[in-house]
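Single-letter residue listing:
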Amino acid sequence: MTNTEEIGWSRDEMARRLAVDIPDGSYVNLGIGIPELVARFVPEGRTLIYHTENGLLGMGPSPEKGAGDPELINAGKRQVTALAGAAYFHHADSFAMIRGGHIDLCVLGAMQVACNGDLANWSTGEPDAIPAVGGAMDLVAGVKSVYVITQHCTKTGEPKLVERCTYPLTGRGVINRVYTELAVIDVTPAGFEVVELCPGVEFEYVRERTGAPLRRR
Amino acid sequence: MIDKRVKGPGEAVADIPDGATVMIGGFGEAGSPVELIHALIDRGARDLTVISNNTGSGEVGLAALLKADRLAKVVCSFPRTANSTVFPDLYRRGKIELELVPQGTLAERIRAGGAGIPAFYTPAAVGTPLAEGKESRVFDGKEYLLERWLRADFALIKGQCADTHGNVVYNKTARNFGPIMAMAAKVSIVQVRSVVSPGEIDPEVVVTPGIFVDRVVEVPNPAHESELVAAGASYP
Numbered sequence: 000m001t002n003t004e005e006i007g008w009s010r011d012e013m014a015r016r017l018a019v020d021i022p023d024g025s026y027v028n029l030g031i032g033i034p035e036l037v038a039r040f041v042p043e044g045r046t047l048i049y050h051t052e053n054g055l056l057g058m059g060p061s062p063e064k065g066a067g068d069p070e071l072i073n074a075g076k077r078q079v080t081a082l083a084g085a086a087y088f089h090h091a092d093s094f095a096m097i098r099g100g101h102i103d104l105c106v107l108g109a110m111q112v113a114c115n116g117d118l119a120n121w122s123t124g125e126p127d128a129i130p131a132v133g134g135a136m137d138l139v140a141g142v143k144s145v146y147v148i149t150q151h152c153t154k155t156g157e158p159k160l161v162e163r164c165t166y167p168l169t170g171r172g173v174i175n176r177v178y179t180e181l182a183v184i185d186v187t188p189a190g191f192e193v194v195e196l197c198p199g200v201e202f203e204y205v206r207e208r209t210g211a212p213l214r215r216r
Numbered sequence: 000m001i002d003k004r005v006k007g008p009g010e011a012v013a014d015i016p017d018g019a020t021v022m023i024g025g026f027g028e029a030g031s032p033v034e035l036i037h038a039l040i041d042r043g044a045r046d047l048t049v050i051s052n053n054t055g056s057g058e059v060g061l062a063a064l065l066k067a068d069r070l071a072k073v074v075c076s077f078p079r080t081a082n083s084t085v086f087p088d089l090y091r092r093g094k095i096e097l098e099l100v101p102q103g104t105l106a107e108r109i110r111a112g113g114a115g116i117p118a119f120y121t122p123a124a125v126g127t128p129l130a131e132g133k134e135s136r137v138f139d140g141k142e143y144l145l146e147r148w149l150r151a152d153f154a155l156i157k158g159q160c161a162d163t164h165g166n167v168v169y170n171k172t173a174r175n176f177g178p179i180m181a182m183a184a185k186v187s188i189v190q191v192r193s194v195v196s197p198g199e200i201d202p203e204v205v206v207t208p209g210i211f212v213d214r215v216v217e218v219p220n221p222a223h224e225s226e227l228v229a230a231g232a233s234y235p
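Top to bottom, those sequences are chains A and B.
Counting in numbering that gives the first Met the number 0, the first sequence tops out at residue 216, every number present.
Counting in numbering that gives the first Met the number 0, the second sequence tops out at residue 235, every number present.
Since the hints were derived computationally from the structure, they do not count as laboratory data.
Don't take every hint at face value.
Short, incomplete list of chain B residues facing chain A, as computed with Cβ under 10 Å [as the list claims (entries may be wrong)]: (1) Asn-52; (2) Lys-94; (3) Glu-96; (4) Phe-176; (5) Val-205.
Where a beta carbon is used, it is the ideal one built from N, C-alpha and C, also for glycine.
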């Protein structure tokens, strides 16, 4: 149960695998970390519009060195660019887009995902942790599809796909699909279901590293 | 005649008293009204409640206001920054109260405050620890939480340009909380790079109409937090 990173897809390959599943013309919000990689792998011929919840639709890549504006940033507070056709707006409008069901997809990182679709990704709940939630609870409550992209297990080998989340929840029953280095897994009314295995990875190998019942499609 | 200009940041915040509730715009450094915050530190008001998305970086701006021990409470969605230990230190020592609010709920509570809507229902945070103690109700088969409006005595906001009537335009993602905070405070104070005469801003592009703005301060070359932090600056 150690170092799962040596087996399966790399982070870039995980991001590429997810990007293939995003339909042309989608409005997409990408979380911080591995989710940000997805933007690099959008298949040729598709146009996606990226939403960043601090107030921009039509977010482009990082600026050339020295060409950035400290007031043009993404939700991770890094400098970005605005593509042709972009729009700026204030926070209440930005979260109206999110809560109002106008964003097609959001891709988030996770600490734990449960087989009923519960997500925990904002706090360990430990007494000295500084709680910080940002927009995650609004995103999972309002975006049409919510995907998680994450390593299958924690650095210490604990499953992140579990029967019940033990960390404080971000939302209840909100996750549709999980992309890990081992597999693509849907959250169905009957629990976790493998949609696709990474080439060379056996179903049993994934099942042993999953903290809840796992079925094959 | 309407002329909302005041001479400088010091004059703009001179009547903010101890115990006031102050909304401070900005998401990270974008839209953070650094000069107004520093003037508020100089002013010396204590026991403030600050409503702001973050808690500042380094030891400048909002982080400097925290470090100067002027706040009793923050209402905030993300009080964690890679490069500042000011808020975590105060919080762990029990020196400050935190009301943690999901970002969209924070924005909508402020918007509601400005729009005269005392409460509303939202799906965000249902089933999470942040729902504890809140009324909930089912509409059309889905559960929602009741959230109250947020209003303030003062708002400190950074715009790009304003006219003397208080019509404001912003710069890129620095807009963030500015327009809604301007609506939700009794006294809204906006610092801008330039102040122009009425008519010089096309009414079609005004973002915050002047009715929501009480004071306009010209700060031609505002500091950026990231540059101050990189230079190792602290305030005062």
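A quick look at each hint next to the structure:
Hint status for Asn-52 of chain B relative to chain A: holds, with the closest Cβ pair at about 8 Å, below 10 Å. This hint is violated: Lys-94 of chain B has a C-beta 14 Å from the nearest C-beta of chain A, more than the 10 Å allowed. Here the hint on Glu-96 of chain B is broken, as its CB sits about 13 Å from the closest CB of chain A, past 10 Å. Checking Phe-176 of chain B against chain A by beta carbon gives a least distance of about 5 Å; that is within 10 Å, so the hint holds.
Against a cut-off of 10 Å between C-beta atoms, the interface hint on Val-205 of chain B is violated, since the closest Cβ of chain A lies about 13 Å away.
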